[in-house]
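Protein chains in written order, with this note's numbering: chain A, 1 to 292; chain B, 1 to 292.
For the record, the hints were derived by calculation from the structure and aren't laboratory data.
As the structure is a computational prediction, the values presented were derived from the model and not from experiment.
Possibly wrong hints are sitting among the right ones.
Reference listing, derived: stretches of chain A covered by chain B, where coverage requires no fewer than 3 residues with Cβ under 8 Å from a Cβ of chain B [what the hints assert, rightly or not]:
1) 2-12
2) 39-50
3) 121-133
4) 170-176
5) 244-251
Where is the CB? At the ideal position from N, CA and C, for every residue including glycine.
2 protein chains.
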Amino acid sequence: MKIGFIGLGIMGKPMAKNLIKAGYELVVCDLNEAAVKELTELGAEMAESPLEVGKICNVVVTMLPNSPHVKSVVLGENGLIKSMKEGSIVIDNSSISPIAAREVAAELAIKGIRMLDAPVSGGEPGAISGQLAIMVGGSESDFNEYRDLIAANAKSVVLVGDIGSGNVAKLVNQSIVAINIAAVAEAMLLGKLAGTDPEKIFDAIKAGLAGSNVMNAKMPMMLNHDFKPGFRLSLHKKDLQNVLETAGSAGMSMPFTELAAKIVYELVETGDSDSDHSAMLKYFEKLVGKEL
Amino acid sequence: MKIGFIGLGIMGKPMAKNLIKAGYELVVCDLNEAAVKELTELGAEMAESPLEVGKICNVVVTMLPNSPHVKSVVLGENGLIKSMKEGSIVIDNSSISPIAAREVAAELAIKGIRMLDAPVSGGEPGAISGQLAIMVGGSESDFNEYRDLIAANAKSVVLVGDIGSGNVAKLVNQSIVAINIAAVAEAMLLGKLAGTDPEKIFDAIKAGLAGSNVMNAKMPMMLNHDFKPGFRLSLHKKDLQNVLETAGSAGMSMPFTELAAKIVYELVETGDSDSDHSAMLKYFEKLVGKEL
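Construct the complete structure from the given sequences, taking the supplied hints into account.
Shown next as structure tokens:
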């Protein structure tokens, strides 16, 4: 059984390689010819379009930048929906709006094509090492059937709920991460301005209730002003836009996320698009005119 | 050598008991006669006023609600400063404004009396079990001299910096905790409104970058709407006021802390004064008209 894999970007390419290593035969497709060549040299077949992939494969994995790309690849003129057979399945590892994921799944369902939304967390290092955390939405039987395939790239795979729920969990995750980064940046900068060494404060509080994975991972980067990604602000911007779109559609206001999003948007616009998201610190430093 | 202990409230009373258990002879003082009686029955001596305590003891521990109480007990008409000898020391375990801590220390220094500010984290359970985290500000030699006394109530004792730095670290801690609670509440409520079980989301994301001690400790309380303290909103209100006072005096604006403080103030005013701080969830639930 050949597995289709569409989207060989920073995340998708190492994930496709991991599937080959795990023994799967792949049919790959991407606009980037160099990436396609890298995979065909490892034994993958190539296809000219999603439509061609869908002709050959009953299981297609997609790893794309955002909702419009997924809609185009799955539902577009040369999309998977034109060729995939009844009973086949799309496993979408992209981080997109859960609303879009549900729309795509509904269109596929009309043709009897199944879908799991399975966004990942862990960034490029997690993709390369196959140690991502993957949050899945869809039916339990589909999840059980394709759990091993998904797990080839994961250290943890959790079925969160029905279709779209994988992306809901991912958005909740991204909202909390952005706010927790802001909390560390804002509060530690107060410590500095109040005359106390932030590194000492970090040592004193990290084991207590204020401690977090964000604090442990990002505080050293903030102290060194080392903003090599990690996770790019441009991607966090996209995720926060999807959070606020989802909130808007649910009639919910999210004051903390809105504040975090404003900061992320501003930094992306002023040249920090490719900085790690811990660079949110720079917004607060500018606000107070002093460095951490 | 007798140790003075002033302030036998929810935190101070168990802390004083731990000192007796550790073999210290105490001279206690509090307006609450029942609390004083409890300690004298355990062998403590009692004194009528801080001034009387200062006559007897060269080491006095204070554990009081806020800055004005510390100023009154140390610098007031019947305050410690009237009677303590040159070379003696005040160890203040209260969580107060670092500005106030520095003012009190400066007044004491004029009389040659030393001070450590040593606010604690860990709440009533930590005080009872003697497992608090204690952040200390002051000189290294004073810290080393009284480390064992402080440690009788602690699982960790860290010298953060010079006088006031203990309270700076505590405020940074409290600011981050309040914002992290808000992040969990706001984002998990989005998950619920977007149709996904928040408990499943919690399982899927807690080990990743969004994971935090706040999430682990407070998410189960939020899911059960169990807001028994823990840490009371009224106390968090006081701490956030001290954060914003300190920020104001440093000319710093703290947009996330200000937002969190607004929520805490509102809840305290509307009957949640004695709820655990995880009850910040209620603000967001009211905002969206739906429960987690």
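To see whether the hints hold, each was checked on the structure:
1. Coverage of a stretch by a chain is defined here by at least three residues with a beta carbon nearer than 8 Å to that chain's beta carbons; for the stretch 2-12 of chain A and chain B the count is 0, and the condition is violated.
2. Residues of the stretch 39-50 of chain A with a Cβ under 8 Å from some Cβ of chain B number 0, which does not satisfy the need for three, so the listed coverage is violated.
3. With 3 residues having a beta carbon nearer than 8 Å to a beta carbon of chain B, the stretch 121-133 of chain A meets the requirement of three or more and the stated coverage holds.
4. Coverage of a stretch by a chain is defined here by at least three residues with a beta carbon nearer than 8 Å to that chain's beta carbons; for the stretch 170-176 of chain A and chain B the count is 6, and the condition holds.
5. Chain B is given as covering the stretch 244-251 of chain A, and this holds because 4 residues of the stretch bring a CB closer than 8 Å to a CB of that chain, at least three being needed.
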